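Student: Chain residues, written in single-letter form:
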Amino acid sequence: MQNVYVLGTGMIKFGRYPTKTVPELGGEAAILALKDAGVGIKDVEMFACGNLYQSNAMVGQRILQQIGQTGIPVVNVSNACATGSTAFREAFLAIASGMYEVTMAVGVEQMGKAGLLGGGGGAGGDPAYATEGRLGSGLMPAVFGQAGIEHMRKYGTKMEHFAKISVKSHQHATKNPFSQYRNEVTLDDVLNARMISYPNTLYMCCPTGDGAAAAILVSENKLKQLAGGRKRPRVAAAILTSDPWTDRTASLPDVSTLTRRASKQAYAAAGLGPKDIALTELHDCFATAELVHYENLGLCGDGEAGAFIDSGGGKHPGLGGHDPVNVSGGLLSKGHPLGATGVANICEVVWHLTQDERAKDRQVPNAKAGQAHVIGLGSACTIHVLTI
Amino acid sequence: MAEQAQAADSGPRPIVPFLKLQPKPHLMGSKCGNCGLVLLDTSRVACSRCGATEGFKPLALSDKGKVYVFSVVHQSFPGIKTPYITAIVDLPEGVSVRSNIIGIDAEDAQKNPKQLFDLPVEMITNVVAKDREGHDVVAFAFKPSKK
Ligand SMILES: [Zn+2]
Chain U
1 MQNVYVLGTG
11 MIKFGRYPTK
21 TVPELGGEAA
31 ILALKDAGVG
41 IKDVEMFACG
51 NLYQSNAMVG
61 QRILQQIGQT
71 GIPVVNVSNA
81 CATGSTAFRE
91 AFLAIASGMY
101 EVTMAVGVEQ
111 MGKAGLLGGG
121 GGAGGDPAYA
131 TEGRLGSGLM
141 PAVFGQAGIE
151 HMRKYGTKME
161 HFAKISVKSH
171 QHATKNPFSQ
181 YRNEVTLDDV
191 LNARMISYPN
201 TLYMCCPTGD
211 GAAAAILVSE
221 NKLKQLAGGR
231 KRPRVAAAIL
241 TSDPWTDRTA
251 SLPDVSTLTR
261 RASKQAYAAA
271 GLGPKDIALT
281 ELHDCFATAE
291 LVHYENLGLC
301 GDGEAGAFID
311 SGGGKHPGLG
321 GHDPVNVSGG
331 LLSKGHPLGA
341 TGVANICEVV
351 WHLTQDERAK
361 DRQVPNAKAG
371 QAHVIGLGSA
381 CTIHVLTI
Chain S
1 MAEQAQAADS
11 GPRPIVPFLK
21 LQPKPHLMGS
31 KCGNCGLVLL
41 DTSRVACSRC
51 GATEGFKPLA
61 LSDKGKVYVF
71 SVVHQSFPGI
81 KTPYITAIVD
91 LPEGVSVRSN
101 IIGIDAEDAQ
111 KNPKQLFDLP
121 VEMITNVVAK
131 DREGHDVVAF
141 AFKPSKK
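Those protein sequence lines, which keep their order, are chains U and S.
Sequential numbering from 1 applies to the first sequence in our numbering.
Sequential numbering from 1 applies to the second sequence in our numbering.
For the record, the hints were derived by calculation from the structure and aren't laboratory data.
Given the structure is predicted, the values throughout are model-derived calculations rather than measurements.
One thing to keep in mind: the hints can contain errors.
[Said to hold, decoys possible] Which bits of chain S does chain U cover? Going by a derived footprint, with three or more residues having C-beta under 8 Å, they are:
1) 40-50
2) 58-72
3) 85-93
4) 98-104
5) 123-131
[Unchecked claim] With the C-beta cut set under 7 Å, the calculated list includes, among others, these residues of chain U facing chain S:
6) Y129
7) A142
8) Q146
9) S251
[As the list claims (entries may be wrong)] One side only, chain U facing chain S, incomplete, derived with CB under 10 Å:
10) G15
11) Y17
12) P127
13) A128
14) E132
15) V143
16) G145
17) S197
18) P199
Even for Gly, the Cβ is constructed at its ideal location relative to N, Cα and C.
Model the full structure from these sequences, guided by the hints.
Tutor: Put into structure tokens, the structure is as follows:
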């Protein structure tokens, strides 16, 4: 395996772009990343594109039709919410394997107002056999609600702990111009908001929206030629796991075991531990998810997530916190355009490691290593560790 | 004979294949002949845990279990009445099933979540829809067991 570096990154503000197409959104992010890297599309040797809602429609090729049809190999990736991060990993592997020296990853999604509820359906298309709501709920809000309830059952975690995460993420988002929402909320706002699926209220659920993010990856050899003396982060770990068999996973997807296995592998590959990580972008599709991932990623011990939150854990050091998590505002505020999320998280980590302008109002001090974690329900988990 | 077949054909249908309505409603699993894992499926290619491809035996599952975790769903598809309780119910055979919980007030469950943990429950069935061919579609749910 050869070393892989992130030479350039780009993303558009997450939000709603009803008049644009998916290839346009993806193309805009790609151009931003290429300019940031100081290269052109003709320098790119391989392209991995992550998109979910149009996964049967050659989104990667359609992006190249927008920005330059150079005839390079394109891989279209779909891996639930881990779609973008899996595309990034494909672009990483293409270089790590020694086959290519400059690759591009784009994650893009246009969700409109589809919402996280997704489709219904039933056997043979007859809605009479649709099970949703009749045999419990398999929808994201209920699945992640139950993950929070499981923590409550095991450790006596309180509703307020989940709510505090939402307050923190909204506070973080006020400093991020790329965030879909940039409003602060109080603990009372969160607790009194409309319940979606207990214990997650409206502000404890990520919004839906559109977005795109991109990264240009290079080999060490190309880094020397192209970086012009700029220090660029190395991809120290690029881990992907699927759901191993655990006792209840067939009825309730086990997002914790999946993440723990990925986390162990990521720290080992990077030769680092949780204390070496200056910032974590993790998959807070719901506030309950963020809480369980504090423990899954080793930011605190098992059963300690409540105390971690109460002590300022997860909060930006500039706000008096420690072990910052989702300083971008996270999925809860920044938004969660499914295919774009995993690449955008990596952009955020890169910007802190390189003291990029784009993170200037929320810069985490002395950031030498950061991690980006994504879960795709069904299930997939990616963790990327970047170091400088 | 022909009349009987027709009568059976116009009868109720289970919403999922692992719900059996005869002789009385019950859930049906498959037990791995190699590692003993019980899966909530009527047919299997291989075992999720050990990968064995042979020796699966059908296993009728208990209609009694215990609630592991739950959530209260307040937003769902059109036609689904909210709020309702969704839960993971552990059955004594070592398999878990996702189900609605009835007979407990959903708002009360949120106020006092502990009452549901390990709550003994039993299965009931109910007609939830009529399919395009006019068959009643039968689903299952769990309710608190009688003391
Ligand atoms: Zn087995």
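Student: Compare the structure with each hint and give your call.
Tutor: Verification of the supplied hints:
1. 40-50: Per the Cβ count (3), the hint holds.
2. 58-72: The restraint on the stretch 58-72 of chain S holds, since 5 of its residues have a Cβ under 8 Å from chain U and three suffice.
3. 85-93: Our answer is that it holds, as 4 residues pass the Cβ test (under 8 Å) against chain U, meeting three.
4. 98-104: n = 3 at 8 Å, threshold three: holds.
5. 123-131: Three-residue rule met by the stretch 123-131 of chain S, so holds; n is 4.
6. Y129: holds, 6 Å
7. A142: With a minimum Cβ separation of about 5 Å from chain S (threshold 7 Å), the hint on U:A142 holds.
8. Q146: holds, 5 Å
9. S251: Holds - the Cβ of U:S251 comes within 7 Å of chain S, reaching about 4 Å at its closest.
10. G15: Violated - the Cβ of U:G15 stays beyond 10 Å from chain S, reaching only about 22 Å at its closest.
11. Y17: Constraint on U:Y17 not satisfied, violated at 25 Å.
12. P127: Holds, about 8 Å.
13. A128: With Cβ-Cβ at 4 Å, under 10 Å, it holds.
14. E132: holds, 6 Å
15. V143: Check passed: Cβ of U:V143 comes within 8 Å of chain S, closer than 10 Å.
16. G145: With a minimum Cβ separation of about 3 Å from chain S (threshold 10 Å), the hint on U:G145 holds.
17. S197: This interface hint holds because 5 Å falls under the 10 Å limit.
18. P199: holds, 8 Å
The structure does not agree with the numbered hints 10, 11 stated previously, though it agrees with the rest.
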